[in-house]
Amino acid sequence: MMPLFLPTARQTNWLLIVGFLSVGEALYIRYMAIENVTVELACQAGLQLSRTWLCTAFRWSIIFYNHEVFGSLALAAALLNLLRPSIVLMALALAAAGFGLVLHNAGLAALAAGVLILSLARPAPAQG
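Add 64 to the 1-based position in the sequence shown for my numbering, that's all there is to it.
Any given hint might turn out to be false.
[Unchecked claim] Quick list of simulated restraints, FRET-style, between CB atoms:
{"#": "1", "residue 1": "Trp78", "residue 2": "Thr116", "range": "25 to 35 Å"}
{"#": "2", "residue 1": "Val101", "residue 2": "Leu70", "range": "37 to 47 Å"}
{"#": "3", "residue 1": "Val101", "residue 2": "His131", "range": "47 to 57 Å"}
{"#": "4", "residue 1": "His131", "residue 2": "Gly83", "range": "20 to 30 Å"}
{"#": "5", "residue 1": "Thr102", "residue 2": "Leu70", "range": "42 to 52 Å"}
I should point out that these hints are in silico values taken from the structure, not numbers from a laboratory.
The structure presented is a predicted model; accordingly, all values stated were derived computationally and were not measured.
Each residue gets a CB set at the ideal place from its N, CA and C atoms; glycine is no exception.
Generate coordinates for the entire structure from the input sequences, incorporating the hints supplied.
Following this line, the structure appears as structure tokens:
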């Protein structure tokens, strides 16, 4: 019987860091740019503030939200991780799912989180 795909303690720590940083950055963008009326109006009006990274992040997050990029990326990476478990795919799916859950792509991002949990029951890839 093959062992299950289970990240080591070091890999788990890195996954925790990736998860917390992605959710933290998504919360920052959501509450400091998207839901902050002053910043939103300044970015849309083209004022001096519009040349900052916050306005760039605001614009890109709105574009990604409209096209459901966060949830789609999270689901694609989680499904690939389900087929062929990898710590890199797991980190990518975790980061995209964190952004998707916070930035209102919750349907696909939650499905991706479920697939990530399911991928922990898969056999580990063969060594060598």
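Evaluated hints:
1. Checked against the given bound of 25 to 35 Å, the beta carbons of Trp78 and Thr116, roughly 30 Å apart, stay inside it.
2. Checking the proposed 37 to 47 Å range against Val101 and Leu70 shows it holds: the Cβ atoms sit about 46 Å from each other.
3. Under the hint 47 to 57 Å, the C-beta atoms of Val101 and His131, about 24 Å apart, miss the expected range.
4. For the pair His131 and Gly83, the supplied restraint of 20 to 30 Å holds, since their beta-carbon distance comes to about 23 Å.
5. Range check, Thr102 to Leu70: about 47 Å between beta-carbon atoms, so the 42 to 52 Å window is met.
When each numbered hint is compared with the structure, a violation occurs for hint 3 only.
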